[in-house]
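Heads up: the sequence lines are chains C and R, in that order.
Here the first sequence stands for residues 1 to 253, numbered as in this note's numbering.
Here the second sequence stands for residues 254 to 494, numbered as in this note's numbering.
Treat the hints as calculated values from the structure; they're not laboratory data.
Ideal Cβ placement from N, Cα and C applies to all residues, glycine included.
Wrong hints could be hidden among the right ones.
Covered by chain C, according to a simulated footprint, are these stretches of chain R (three or more residues, beta-carbon under 8 angstroms) [to be verified]: (1) 280-286; (2) 299-312; (3) 340-351; (4) 355-363; (5) 380-388; (6) 398-405.
Here is how the chains run, residue by residue.
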Amino acid sequence: MSRRAAIQCTRIAIAIIGVGLLEALCRSGIINERTMIPPSEMAGAMIGLLASGEITGDIARTFSTVALAFVIAVALGFATGAVLHEFRRARRAADPLLASYYAVPVFVFYPLLVALFGLNILPLVAIGVLAAAPAMTIGTLTGFDRVPRVLRKVARAHRLGAARTLFLVVLPAAMPGLLGGLKLALAYAFIGVIAGEFILSSGGLGYGIAFAYDSFDNRGMYGRMLFVLLVAIVANGILAAWETRLLHRRTRA
Amino acid sequence: MIGTRTLDALVVGVVLLVVWEALFAWAGAVAITPPLATFRYAIGLLGSGFFWSNAAATMEAFAAALAIAAVGGVALGIALGLRRFASDVAEPILASLYTIPKVTLYPVMLLVFGLGISAKVAFGVIHGIVPITLTTLAAVKAIPPVYVRAARAMRLTPWQTAVRVLAPAALPEIVGGLRIGFSITLLGVLIGEMFASQRGLGFLILNGIGSHNVPMTTAVTLLVIVFAVAANGALLMLDRR
């Protein structure tokens, strides 16, 4: 068995043992049924919710909000990063802001955003953008910084225009940094939107979880929770696999 | 004469204040209070016992959560980082734990720990421990193997190796990890207070919304930001040394 296969198997074994242990603890009554339902029932509840179409509307609402926030955050973050990279002085002035940005619990702005935009989808999009855009800016700066100077010289030697230099030389060379930014931006947008729905909202998956908690509906709560966690893990896994392949190709080249 | 750096910092500060003032002009007093009024209100808050009892509730939960996350995360990071296989297995698991929206788990914390400070602490810990573990793990993995071999040659016990060799060698990255862990733990505690709590700064912010006390929400938000940025600045300075 190769080393990679061994690592994969161990990881799967850990997951199976963890879920099995939880199942046993719940079934034996060591974990109270009112505290947590067994994982098999969580999965059953999730499938039931999906099949009955009960959460289809919530899913559509949450994911369209996340998608909108992600797209805006990436565009805004990338543009800011690209501009800051060009202007040294602006960048030096913005550096302390970027360094301490994630120290501010961005979430404290959410109630203000609700007051600004009203209780609809806009404050959720805004909090997603606020959480995700700086990660993209930082990723863009990291990516652009790592473009070897010789590549820019090559572009100049070939007399490429600004647009072609950007698309044919700079962007591909900056890809690892950009991808890191994208990965974080997606995760942060998702976290921001779900957290917003959870605290103060009138719909969406996060709201559904909070609502189920408030009405002692454990099956509904754990079913939705499992769904959100699975989506986050799968999305992150896909991006991570893409990143690994890209880096792999780069080191071979 | 002031240097260009100071000038730039001043410009950034002024721009932020202008944006704030513009938000006020756009949204009005039902949503946000303007800078000057907020500063005045915040100073008034700082003189009141009411504010400090809530701040103390937050700080108590935050200090406990940060202590557990820091000690647990560093210990776990060192233990995993020393074993190549274990760290290869654990790293992607931890990375995906880092990206899941942990808010959704808050009801579980409440059901397990009950309403009260322990749920807030636990929630802060699950936020903060993962990034601290990940950075420590990466830092320990990057330690030149010759250090570990030297420790073995000197027949240090595992504990001595960790304290005398590994921790000093990985210290800069660990401080960086603690800086991230600090802010994420604070975020966790505040979100916990916003969702289900009767005391604390997160509760004050959300309560201000519920009772249309806009000056309160804006001022407490400002104070939380000032605290977070000041602490982050102090840790950054420590990081650079």
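Quiz item: At a Cβ distance under 8 angstroms, does chain C reach at least three residues of the region 380-388 of chain R?
Solution: Contact hint for the region 380-388 of chain R vs chain C: violated, 0 residues under 8 angstroms.
Practice problem: Would you check chain C against the region 280-286 of chain R, counting CB to CB pairs closer than 8 angstroms, and say if three or more residues qualify? | Solution: holds (count 4)
Quiz item: Three or more residues of the region 398-405 of chain R near chain C by CB distance under 8 angstroms?
Solution: It is violated, with 0 qualifying residues against the three required.
Quiz item: How about the region 340-351 of chain R: do at least three of its residues have a C-beta closer than 8 angstroms to a C-beta of chain C?
Solution: holds (count 7)
Self-check item: Stated coverage of the region 355-363 of chain R by chain C [criterion: 3+ residues, CB within 8 angstroms]
Solution: That given contact holds, which follows from 8 residues of the region 355-363 of chain R lying within Cβ reach (below 8 angstroms) of chain C.
Exercise. Test coverage of the region 299-312 of chain R by chain C using CB-CB distances below 8 angstroms; three residues minimum.
Key: violated (count 0)
Against the hints set out earlier in the document, violations occur for numbers 2, 5 and 6.
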